[in-house]
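K.L.:
Sequence:
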Amino acid sequence: MTAINQQLILGIEATGSAVSVGISRQNEALGELWLNPGQPGGQLLLGAVDQLITTCKIEREQFEGICVCQGPGSFTGMRIALATVSSLAFAFKLPIYTSDRLTLAAATLTYQPCKVRVIQNAYKGELYHAAYDCTGKRPKAITPMELITPENLLPTILPGEILLGEGVDLLLGQGFDLESTGVLIDRSPPRRPTALGLIDLLSDQPAGVYDPIPLEPLYLRASEAEINYNIRFGDST
Numbered sequence: 027m028t029a030i031n032q033q034l035i036l037g038i039e040a041t042g043s044a045v046s047v048g049i050s051r052q053n054e055a056l057g058e059l060w061l062n063p064g065q066p067g068g069q070l071l072l073g074a075v076d077q078l079i080t081t082c083k084i085e086r087e088q089f090e091g092i093c094v095c096q097g098p099g100s101f102t103g104m105r106i107a108l109a110t111v112s113s114l115a116f117a118f119k120l121p122i123y124t125s126d127r128l129t130l131a132a133a134t135l136t137y138q139p140c141k142v143r144v145i146q147n148a149y150k151g152e153l154y155h156a157a158y159d160c161t162g163k164r165p166k167a168i169t170p171m172e173l174i175t176p177e178n179l180l181p182t183i184l185p186g187e188i189l190l191g192e193g194v195d196l197l198l199g200q201g202f203d204l205e206s207t208g209v210l211i212d213r214s215p216p217r218r219p220t221a222l223g224l225i226d227l228l229s230d231q232p233a234g235v236y237d238p239i240p241l242e243p244l245y246l247r248a249s250e251a252e253i254n255y256n257i258r259f260g261d262s263t
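Letter 99 of the sequence shown, counting from 1, is numbered 125 in the working numbering, and no numbers are missing.
Simulated from the structure, these hints should not be mistaken for lab results. Treat the numbers as computed from the prediction; the structure is a model and nothing was measured. Note that CB positions come from ideal geometry on N, CA and C, so glycine has one too. There may be inaccurate statements among the hints.
[Stated by the list, open to error] Calculated lysine to any residue pairs in the SDA-like style (CA-CA distance at most 25 Å, straight line):
{"hint": "1", "residue 1": "K119", "residue 2": "K163"}
{"hint": "2", "residue 1": "K166", "residue 2": "A233"}
{"hint": "3", "residue 1": "K163", "residue 2": "I79"}
{"hint": "4", "residue 1": "K141", "residue 2": "K83"}
{"hint": "5", "residue 1": "K119", "residue 2": "I79"}
{"hint": "6", "residue 1": "K83", "residue 2": "Q52"}
[Stated by the list, open to error] Simulated restraints, written as ranges between beta carbons of each label pair:
{"hint": "7", "residue 1": "K83", "residue 2": "P176", "range": "45 to 51 Å"}
{"hint": "8", "residue 1": "F202", "residue 2": "C140", "range": "17 to 23 Å"}
{"hint": "9", "residue 1": "P170", "residue 2": "C140", "range": "16 to 22 Å"}
{"hint": "10", "residue 1": "L70", "residue 2": "P139", "range": "37 to 43 Å"}
Generate the whole structure from the sequences, applying the supplied hints.
P.N.:
This is the structure we're talking about:
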């Protein structure tokens, strides 16, 4: 059975403060492009895809699949990325492969003997968090992704664990003393989720087929529109 790592794949990661677009052919990176930090418009993201296609000397029609991160993360970035990917997939009848941002971050640190925690800023005084076993080639979730406050998270962290993610900077900036807990903090550039890293994470999956069902962002929290609707009309669930 054909796997993703035997195909020409486009990857898009737009859940953080910066956006990356990457292309890989048969598990070999052809190129990666970074957009300026901030939330790109759809045309800007498509322009970046076309720019990278030109640089790599390929055509859109040659792609055999698209990898995209569903979140959690930037509301605007996720929406634009998923809409762009859905449009490209529809136009060329391409399968879409997805992962979440926390697992993608954990995948940058493999063959580690200790637990790895990924912490991401969820705003509103909360964090996105998940813990992983990274002793092998791919991260294995130990805990499900969750929304949690810093006060509830810190007592669960044990000495020797590794902390990744931009949420670590938030905790340090708010005066939380992480180093006294005996943890290891890795905020080096190689730990940043990227489009090529996303393709690599998903590369062992079997090749799929085009699916017209729309992609939905992974929020973990109700959107402002949902919250306002429930306040006004009541929760229908």
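K.L.:
Work down the list of hints and note, for each, if the structure agrees.
P.N.:
Cross-check of the supplied hints:
1. K119 / K163: violated (31 Å)
2. K166 / A233: OK: K166 and A233 at ~21 Å, within 25 Å.
3. K163 / I79: violated (29 Å)
4. K141 / K83: violated (41 Å)
5. K119 / I79: Since the Cα atoms of K119 and I79 sit roughly 18 Å apart, the hinted pair holds (cutoff 25 Å).
6. K83 / Q52: Judged against 25 Å, a Cα distance of about 16 Å means the pair holds.
7. K83 / P176: 45 to 51 Å: holds (48 Å)
8. F202 / C140: 17 to 23 Å: holds (20 Å)
9. P170 / C140: 16 to 22 Å: Check passed, 20 Å falls within 16 to 22 Å.
10. L70 / P139: 37 to 43 Å: About 42 Å separates the Cβ atoms of L70 and P139, which means 37 to 43 Å holds.
Checked against the numbered hints above, the structure breaks hints 1, 3 and 4 and satisfies the rest.
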